[in-house]
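Fit chain B to the supplied structure of chain A, relying on the hints for placement.
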Amino acid sequence: MPGKTISEKILSRASGRDARAGDVVICDVDCAMGTDGSVPMAIDYFEQMGGTEVFDPSRIIFVMDHYAPRPKSATADLHDRMKAFATRHDIRVYEAGEGVCHQLMVETGRTRPGGLLVGADSHSVTGGALNAFATGIGSSDLAATMICGRIWLRAPEAIKVVLTGQLGPGVFPKDIALALAGLLGADGAAYQALEFEGPAAADLDVEDRLVLSNMSVEMGAKAGIFRADRKTAEGLRRTDERNAAGVISAWASTRTHHELPAASVPVEADADAKYCREVALDLSRLTPRIARPHAVDNVVGVTDAIGTPIQMAFIGTCTGGRVGDFHQALAVLRAATRIGRSPLESDAIGAPTVDSTGPEGRPPLAPGMQLVITPASRDVEDELRRDGTLAAFAEMGAIVTPPGCGPCCGTAGPIPAAGVNVISTANRNFKARMGSASASIYLASPAACAAAAFTGRITDPRDILADLR
Amino acid sequence: MRIELDGRARLLGDDVNTDYIIASSRKKETLDANVLKQYLFESIDPAFAATVQPGDLLVAGRNFGCGSAMEVAVTVLLAAGIRAVLARSFARTYYRNAINNGLIPIECDTAAIREGARLRAVLDDSGVRVIHVDGQREVEGRPLPPIMLAILREGGLVPYIRAHHDLS
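If you read the sequences in order, they're chains A and B. Here my numbering is used: the first residue of the first sequence is 1, the next is one more, and so on. Here my numbering is used: the first residue of the second sequence is 1, the next is one more, and so on.
Just chain A, same shape as in the assembly (with noise of 0.2 Å):
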């Protein structure tokens, strides 16, 4: 026999069985997941199931995360049943504004290596940048998962992804993520799992990682996974000192009984893993991609796009809402404000002539531009408030919001106004998918979102990091 991948390993030991690629098993589940979006519906399907109980409440977190705030009166209805049940059965509620699930799912250290999660919520693949296996399911397996604790999975075979070379000024793993849903389309990955590999993925920080095991499923993929390594262990050392000292101060006051897990079982592929396809990418010759309206895997160079119109961007959601990414937004903000305008357009496509003066007074958002800041979590917007931040992006015109899923998926917070083009952080462009049917919406780095809230169209990035560096 040949040796295992990473999804076979996981999956066998959380089934008990030798689990190969095509074989169903039936797995115990490490920690299940819901959100405001799929609870309600998980609460009706558990009630006609006619659940009593459910299997481990410290196995469970409920997230208040896609109608936070609450947009509408009704929605209070939603919320309202999600905590009575979570009080019912003494499972851990998240309330609005406390953060995303999968960023909350990162930062309370539910999500460790070798571990098996399932979440009522596709993104749930982003527990992989941390070596579980996790992936999304519905309310009804949701419901039948909290009432016996255990799923069936099919073992999905696994496409190696062998990332190599250093990215280069400007080019982020974003551009990664963009490019692979590129090479593979949005169903290159369907039924399969993402497996990084090679001394690139090796250098990626986890706060790195979380953007590409997040961006998987647009590729149709069942998990996307990381070896559990050095940086893994920094990662996790670092979220367990921050829960122990109780920086993670939003909740840790509201925090139950509960006991975080502690195991870890780090999991590698064996040498002769059988992969059913390897993809191999160099980061030294990656260049900013950009996903154009209305499909994931519609992918160019940033450079075929300059120029295009942009009237809102977007930097925030479970992809691109973490700390390093509004740091990485805000040096490009104010770089291209010592640089000025002007330069900057000088190659854009019928680029108009907006303040050409010297670089005093000039201001940082191009005319009319709505820049939404919209943190992961509590903790990075604490975290960013601390550091100044938030306080720089306010300044600078733009607004922030709650952390939450809202604009991304229009259930809350600004929806973009008719005709727009937006760009964004976020994992999806579908038509209509932040709540405006005759929206645009690009999909880009937060430092190529930056450029373009500055210029005010699409921005090749490096013109400004590279004068930076």
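Hints are computed from structural coordinates only; laboratory data are not their basis. Glycine included, each C-beta is placed from N, C-alpha and C at the ideal position. Be aware that one or more of the hints could be misleading.
Said to hold, decoys possible - Computed footprint of chain B on chain A; a stretch qualifies when at least three of its residues, placed anywhere within it, have a C-beta under 8 Å from a C-beta of chain B:
#, region
1, 30-43
2, 48-54
3, 129-142
4, 146-159
5, 187-198
6, 299-313
7, 432-439
Relative to chain A, chain B alone:
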């Protein structure tokens, strides 16, 4: 078990995501599929909701149900009277949600099916078939894994768990 469905083909393209089936933003007020069905496919085919008839069969290309894992994208089709979706391929979360609710996902070659064509979908112990009633053509579908057949046989995951209280 034998399931036989006769219906009229309603054509859709590739990569029909769950937000196209029903927008996330419509879930703010209600999760009642009987209410939500008036918004079915509103952003890609505004005339669809008014013209869908009970018994219609959805026919799509690749990657049907990609994007969000939200389950109303399945229940809203059932509320509109759609019992099966035929597609070249499905997103895995949609496929699971469909089976769990008794909506039959049929993975098959859909290229030759025209809008309004009369189709018969048959699922029995020998497998899955789609019969083009007018042209007397038959296409084989991808067989369902045994656990999914077992769930479908019980009528979905709700009756399955009610009966067994566990997975086996």
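Hints, verified against the model:
1. 30-43: Result for this restraint: holds, n = 4.
2. 48-54: With 4 residues close enough to chain B, the hint holds.
3. 129-142: Three-residue rule met by the region 129-142 of chain A, so holds; n is 6.
4. 146-159: It holds: at least three residues are needed, and the region 146-159 of chain A offers 6 whose Cβ sits within less than 8 Å of chain B.
5. 187-198: holds (count 3)
6. 299-313: That given contact is violated, which follows from only 0 residues of the region 299-313 of chain A lying within Cβ reach (below 8 Å) of chain B.
7. 432-439: holds (count 4)
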